[in-house]
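With the hints as extra help, turn the sequences into a complete structure.
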Amino acid sequence: MYEAADILDICQLKAMERGMSTADVGCFNPLLFCMRNPSHAHDIGTRIKALNKWLDVIKERSAAFNFIPLGSYEDCSSKVHGSPSGNKRRETSGEFDRSGVVGEKIKQDTRKLVEIMLSETESNTNIMVVAVVGVGGIGKTTLAQKVFNDEALNAEFEKMIWLSVNKDFDKVELLRTIIIQAGGEHGGEKALAVLQPILATTLKGKKLFLVLDDVWDHGAWDDVLKTPLANVVAQGSRVLVTTRDETLARRMKVVLPYHHVDKLEEEDAWSLLKKQVRNETPMINLGVEI
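For the sequence shown, the residue numbers in the UniProt record's numbering are 1 to 290.
No lab work stands behind these hints, which were simulated from the structure alone.
Incorrect hints may have been included.
Unchecked claim - Pairs of lysine-lysine, DSS-like flavour, derived with a Cα cap of 30 Å:
no. : residue 1 : residue 2
1   : LYS190    : LYS171
2   : LYS171    : LYS206
3   : LYS253    : LYS159
4   : LYS171    : LYS146
Structure below.
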């Protein structure tokens, strides 16, 4: 996971050194730039080959542990719907599965975020936006779920709403979903200009805690939800955003500093790994290495 992120970071830096604009430096353009540039292609190609080789080794070794394939796990643990492009997308919810959580770190992170959400702030706006940032699969959603289910938080806020945004979110469906979760009715409306006032009326005067999980586009907040919510919800309302992209967090004007989710300590990682193994196995040393 980190090796792949490092490769993309190197490509972005190389592309920016050659004058590519910040807007052009997305996830794929810099990689194509490096692969087409003879001075960088060998280094990046070598890194990718080494990463693929190591992934093959991990896959072979994992057979000894009878791991559940990731695709099967996702099919069982979360709803997967077809997107307009024909791709499958991961849909999360605020339900929290304690069996997959280990270690003291997530407890500390939860306490820290809950304290931020409950803290008094001097602000001209009714809503404070907080971001949880980290690479894919590192546990941002799990942390957000733990915060979302905190007893003190649920006692403080009148409305607790969880929205799974995803890369290919639909503006109309996003508004319809939050209206329903807020206890309102959208009447089958499809126009943003109609749905946004319905949302504003539904949550007017309510102290809101909203989670926007897996955000890839700041427009989900800035263009769709911010306008109907900002001036109608009660003072002290909070929005918790999970995203891989720090630039996106900055554009959403979240409270600084962002909360970064770090990798597990070795002992906690081993505890989590043991929970994913179907059968007992004596190959402890191999498991620790993986």
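Okay, the hints, checked on the actual structure:
1. LYS190 x LYS171: Cα-Cα ~9 Å, so holds.
2. LYS171 x LYS206: 23 Å, holds
3. LYS253 x LYS159: The given pair, whose Cα atoms are some 23 Å apart, holds under the 30 Å limit.
4. LYS171 x LYS146: With a Cα-Cα distance of about 27 Å, the restraint between LYS171 and LYS146 holds, given a limit of 30 Å.
The structure shown violates none of the earlier numbered hints.
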